[in-house]
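Engineer: Keeping their order, the protein sequence lines are chains A and B.
Using the working numbering, read the first sequence as starting at 2 and increasing by one per residue.
Using the working numbering, read the second sequence as starting at 2 and increasing by one per residue.
There may be inaccurate statements among the hints.
The list makes no distinction among identical chains, and a pair is therefore deemed to hold if it is satisfied within one copy or across any two copies.
What the hints assert, rightly or not - Computed cross-link-like contacts, DSS-like style, restricted to lysine-lysine with a CA-CA straight-line distance of at most 25 angstroms: (1) Lys35 to Lys159; (2) Lys97 to Lys159; (3) Lys97 to Lys35.
It is worth saying that the hints were derived from the structure and are not from the lab.
Note that this is a predicted model, so its numbers are computed, not measured.
There are 2 protein chains.
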Amino acid sequence: MDWVLFFLFLAACFSAGVTGALFPTDPWYTALRKPSWVPPNWAFPVVWTSLYFLMAFAAARVAPMEGSEYAVAFWAVQIALNAVWTPVFFGLRRLKGSLPIMAALWLAVAGTTITHWQLDWIAGLALAPYLVWVTIAAGLNVAMWRLNPDQAPLEPAKL
Amino acid sequence: MDWVLFFLFLAACFSAGVTGALFPTDPWYTALRKPSWVPPNWAFPVVWTSLYFLMAFAAARVAPMEGSEYAVAFWAVQIALNAVWTPVFFGLRRLKGSLPIMAALWLAVAGTTITHWQLDWIAGLALAPYLVWVTIAAGLNVAMWRLNPDQAPLEPAKL
Numbered sequence: 002m003d004w005v006l007f008f009l010f011l012a013a014c015f016s017a018g019v020t021g022a023l024f025p026t027d028p029w030y031t032a033l034r035k036p037s038w039v040p041p042n043w044a045f046p047v048v049w050t051s052l053y054f055l056m057a058f059a060a061a062r063v064a065p066m067e068g069s070e071y072a073v074a075f076w077a078v079q080i081a082l083n084a085v086w087t088p089v090f091f092g093l094r095r096l097k098g099s100l101p102i103m104a105a106l107w108l109a110v111a112g113t114t115i116t117h118w119q120l121d122w123i124a125g126l127a128l129a130p131y132l133v134w135v136t137i138a139a140g141l142n143v144a145m146w147r148l149n150p151d152q153a154p155l156e157p158a159k160l
Numbered sequence: 002m003d004w005v006l007f008f009l010f011l012a013a014c015f016s017a018g019v020t021g022a023l024f025p026t027d028p029w030y031t032a033l034r035k036p037s038w039v040p041p042n043w044a045f046p047v048v049w050t051s052l053y054f055l056m057a058f059a060a061a062r063v064a065p066m067e068g069s070e071y072a073v074a075f076w077a078v079q080i081a082l083n084a085v086w087t088p089v090f091f092g093l094r095r096l097k098g099s100l101p102i103m104a105a106l107w108l109a110v111a112g113t114t115i116t117h118w119q120l121d122w123i124a125g126l127a128l129a130p131y132l133v134w135v136t137i138a139a140g141l142n143v144a145m146w147r148l149n150p151d152q153a154p155l156e157p158a159k160l
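So that you can see chain A by itself, here it is in the shape it has in the complex (with noise of 0.2 angstroms):
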């Protein structure tokens, strides 16, 4: 394993996380109705950064084997759509809006981790959990669209 591989990859999904850390949950988060199955909020920074991990370690395995380009290149279309989800959902309060990048990080994850898996089952194991987990965010996108019909996104436009 090549560590300063490994940090930068790290270094690009904090980069992505960094807005889960800057964009406020609270009040309006708190306030959304939602489904009996919702995990608990400290879940959320705990997978995120334990699955931060697993990505760093499967990206670090599979960059420098041959015939890692179409890997590495899902690998960046996800990081940039993880980014990009947490802004529009918690930023611009967008349930509906969000749904698209959802569904599109939800195919880049799906790409990523089989592309990972063809080249490094180990690989392709770690990031497992990333698509288990974007599964669940994105049932819980849809329900809190569907459980929030009221909810009107943020116009800062008009602030």
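Go by the hints and put chain B onto chain A.
Structural biologist: Just chain B now, kept in the frame of chain A:
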């Protein structure tokens, strides 16, 4: 040139760039005091679109090469930071808080340009305008922070 690979990297670019379309600049940005050398508004989408094509071109050339792992890792870091800067500046209106992200982006773009250049001078050359542009953008960010000392960040928690 592998066009599927090119379009995957281009998808990463436009995923990051979607924040530029979603976060409105008016009327807040228009009202900010700006330095005399601020580029005209039309220049930003034109320049960014051009840079995204150049970034995808550079990555699609370099990613299939042997020893490209640092180049693609830097590329992933820069695209994540590229996605994050816009929501922090325009979404949270953090003239000062966006500076560390801009500084990190500048370093990531410099690292991306150097690592691409080492493998393929054409890819390095394609990234040079990006490095020039983030240098201008960083100067603009600093200038707007200094020229608008009375500008308080938006506090979404209070909305």
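Engineer: Now, for every hint given, state plainly whether the structure supports it.
Structural biologist: These are the hints, each one checked on the structure:
1. Taking the shortest alpha-carbon separations for lysine 35 and lysine 159, only the inter-copy value of 21 angstroms comes in at or below 25 angstroms, while the best intra-copy value is 28 angstroms.
2. For the homomeric pair lysine 97 and lysine 159, the shortest alpha-carbon distances inside one copy (20 angstroms) and between copies (22 angstroms) are both at most 25 angstroms.
3. In this assembly of identical chains, the alpha carbons of lysine 97 and lysine 35 lie at most 25 angstroms apart only when taken from the same copy (15 angstroms versus 35 angstroms across copies).
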